[in-house]
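Student: Given next are the chains, with one letter for each unit.
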Amino acid sequence: MSLDRQAVSQLLPCFVCGDLPPDLIEQVQRALEADPELAAQARALREAEAACRELLADPDAPGRSFFSASPLAPQGFGRALLVAASAVLLAALGASLHAAAQPPLGGLVEVHLQTSGSGALGFIAQEDPARLAASLRQAGVPTDLLMIADLRAEGLRLVGGQPAPSGLGALILYEKDGVHYLCQVYRALPAMPPRELQQVGATTLRSYQHGSVGLVRFEGPGVVCVFSAALPAEEIAALVARRLRALG
Amino acid sequence: MADARLIQALRRGEGLDRLWQDWGPPTWSICLGMAPDRARARELLADIARSLPLAVPGWSLDASICCQMSKLVWQRISIRLELPAPASIEIEAPARTATPTSDQLRRRLAACPPEHRVIYLLDLYYRCPSAILAELSGWGEEQVRAARAAVAWSLVAEEAS
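Chains Z and X are the protein sequences, given in the same order. Under this note's numbering, the first residue of the first sequence carries the number 1, and numbering increases by one thereafter. Under this note's numbering, the first residue of the second sequence carries the number 1, and numbering increases by one thereafter.
Don't read these hints as lab results, they were simulated from the structure. Incorrect hints may appear among the rest.
[Stated by the list, open to error] Have a look at the derived ranges for each label pair, beta carbon to beta carbon: (1) Z/ALA7 <-> X/PRO84: 26 to 32 Å; (2) Z/PRO142 <-> X/ALA131: 51 to 57 Å; (3) X/ILE79 <-> Z/GLN138: 54 to 60 Å; (4) Z/GLN138 <-> X/GLY13: 39 to 45 Å.
The C-beta atom is built at its ideal place from N, Cα and C for all residues, glycine as well.
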């Protein structure tokens, strides 16, 4: 049974936030493909969500010091106990709606720190992009996530790579002047309010700074890339922007 | 699984900094969207932060953190802002829609009933399914969906010129 136009319209807010059962999602998708007005409504709802996030994004969000200053914080709070990054990232990237909601910035940084350190478990040292791609494929990384960019023009040397801890992505490591740059490639990541936004052609670069680690997120067809290094995010964004411009 | 591990750590009195690192910024955005000004938003956030250490030892290992955060934030904001209990909600998709400008968005968001706006914002930042949100909050699932839809449509309804 297919839905009438009014029923589809009523379902759009739930459709946009991903809170519909799969059979209804399919029906709504078909209706949107056939009806440009409904598609425009869905687009407006999506864009309003994004605009709302931008409106309420605040780089000066009260940090941990605010929290630890609260009078009821327990004694153990000050201890920096980091949960294994792979597990956090798995939750952030998992297929379930709950897991997909988890803001993954801390997990992405932890993956950066673990992978850029020497001797990360499962790391494949390989400077040849084709051989690295073959090894990663063998290690279970889906072909569409094997984006191994040639960054020699930027002075970056390919060091190697490994499957992401979640098993749902690829990690590609580069090095320049002793600084490690990590490219994390996933199919999807939850939205995270960025510190800076920059447009390069059709691509939006979203920058984040987490302590000493800068991260730049950008999206391609069906993939999300996060490029990170122990540098200011602006520097990394400039590098990514140069590379994107060079690619036209 | 990662959620369960973190909840276990939280039950031991550890891991709160990690929880806040991940959930503090979206919670702050929700407070900004609910409060009339930054000072009130800070009060809301401080209240949530103070409640967390008391709430997390009771968190279920079977529910995701996003949903348990939703419940806590919803409860605390409802208490602090004295939000009314759910009532029947009329929703009608607008005849014409358009992406709102920042000014329109700010104005329209502020004009939404706060008891509906909080659901839209919880959904926007935590993405907790309405069924679970309803189960955790005591609202009916249809009411949760309706409140969210009412706000969503009011944000994009094109104003008559």
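Student: Is 26 to 32 Å right for how far apart the beta carbons of Z/ALA7 and X/PRO84 are?
Tutor: holds, 29 Å
Student: Is 39 to 45 Å right for how far apart the beta carbons of Z/GLN138 and X/GLY13 are?
Tutor: holds, 43 Å
Student: Taking the Cβ atom of Z/PRO142 and the Cβ atom of X/ALA131, is their distance within the range 51 to 57 Å?
Tutor: violated, 31 Å
Student: Per the hint of 54 to 60 Å, is the separation of the Cβ atoms of X/ILE79 and Z/GLN138 within bounds?
Tutor: Distance hint for X/ILE79, Z/GLN138 holds at roughly 55 Å.
In summary, the structure is inconsistent with hint 2 from the numbered list given earlier, while agreeing with all the others.
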